[in-house]
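Spelled out from the first residue to the last, the chains are:
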Amino acid sequence: QKEVEQNSGPLSVPEGAIASLNCTYSDRGSQSFFWYRQYSGKSPELIMSIYSNGDKEDGRFTAQLNKASQYVSLLIRDSQPSDSATYLCAVRSGGNTGKLIFGQGTTLQVKP
Amino acid sequence: KAGVTQTPRYLIKTRGQQVTLSCSPISGHRSVSWYQQTPGQGLQFLFEYFSETQRNKGNFPGRFSGRQFSNSRSEMNVSTLELGDSALYLCASSLTGDEPQHFGDGTRLSIL
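Line order of the protein sequences matches chains A and B. Count along the first sequence from 1, then add 22; that gives the number in the numbering used here. Count along the second sequence from 1, then add 9; that gives the number in the numbering used here.
Among these hints, one or two may not hold up.
Here are the simulated EDC-like cross-link-like pairs (lysine to aspartate or glutamate), alpha carbons at most 20 Å apart as the crow flies [unchecked claim]: (1) K78/A <-> D105/A; (2) K78/A <-> E67/A; (3) K66/B <-> E25/A; (4) K66/B <-> D107/B; (5) K133/A <-> D105/A; (6) K64/A <-> D105/A; (7) K78/A <-> E108/B; (8) K64/A <-> D114/B; (9) K89/A <-> D49/A; (10) K66/B <-> E108/B; (11) K78/A <-> D107/B; (12) K89/A <-> E79/A; (13) K89/A <-> E25/A; (14) K22/B <-> E108/B; (15) K66/B <-> E84/B; (16) K66/B <-> D105/A; (17) K78/A <-> D100/A; (18) K89/A <-> D114/B.
I should point out that these hints are in silico values taken from the structure, not numbers from a laboratory.
Only chain A is shown next, with the shape it has when bound in the complex (with noise of 0.2 Å):
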């Protein structure tokens, strides 16, 4: 079992829809949570961070955290095809500081 899981996709979604993307963690230690975008050639650029159960907005964006299922997603309303891209999950485990642990990454197409 991967530490840190995420479907690879393509996620496929229309333009203005809302994209869902999943990530599941299995060290039940973790304490920090982080959604990152990366465009194809470029390096991860930080989108949300959340450190507690519920949700967390940030303009188009929902990260959501449930520490009981040890499950955290990302909500992209009104996707817009320059939201196009790679989106990794990183968890921090407690104790484990400085240290991320990454899915592999979900691919979302915004289609015009």
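Model the placement of chain B on the given structure of chain A, informed by the hints.
Same frame as chain A, now just chain B:
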């Protein structure tokens, strides 16, 4: 505020050689983490430095080493290069290691 700066952007080496990559973190950030990204393995944690000390290390052979200087700049060294070392090497910084990490543009290393 300047972001994370990695040099060089591209490197071509042959098997058996060694290479040194450099990373200057965001001003004020004292934690520097290094990652290797390949199509097959995704983003994998190499090591993290804070206040010139390695605090965390991933599962890479001893050929991969690093250091951090008093100004928080960090270098990563790979000795006896192998074909499988071809990858994008990413550096990320944060204030103390507990906060979200911000990535540099990476160094793309190709081994011939």
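- Query: Does K89/A pair with E25/A here, judged by a C-alpha cut-off of 20 Å?
  - Reply: 14 Å, holds
- Query: Is K89/A within 20 Å of E79/A, Cα to Cα?
  - Reply: 18 Å, holds
- Item | Restraint status (C-alpha distance of K78/A to E67/A at most 20 Å) | The hint holds at about 18 Å.
- Item | Hinted pair K133/A and D105/A, Cα distance within 20 Å | 10 Å, holds
- Task: Would you check the hint for K66/B and E25/A, treating anything up to 20 Å between C-alpha atoms as holding?
- Result: 16 Å, holds
- Task: Take a quick look at whether K64/A and D105/A sit within 20 Å of each other, Cα to Cα.
- Result: Given that 20 Å is the threshold and the Cα spacing comes to 14 Å, the pair holds.
- Item | Pairwise hint evaluation, D49/A against K89/A, where the allowed Cα distance is 20 Å at most | Measuring from Cα to Cα gives roughly 10 Å; hence the hint holds.
- Is K64/A close enough to D114/B, meaning Cα to Cα at most 20 Å? 7 Å, holds
- Message: For K22/B and E108/B, compute the direct alpha-carbon distance and say whether it is at most 20 Å.
- Response: At roughly 34 Å apart (the allowed maximum being 20 Å), E108/B and K22/B break the hint.
- Query: Between K66/B and E84/B, does the CA-CA distance stay at or below 20 Å?
  - Reply: 15 Å, holds
- Task: Please work out if K78/A and D105/A have their alpha carbons no farther apart than 20 Å.
- Result: The given pair, whose Cα atoms are some 19 Å apart, holds under the 20 Å limit.
- Mind checking the alpha carbons of K66/B and E108/B for me, to see if they're no more than 20 Å apart? 18 Å, holds
Hint compliance for this structure: hints 14, 16, 18 are not met, and every other hint is.
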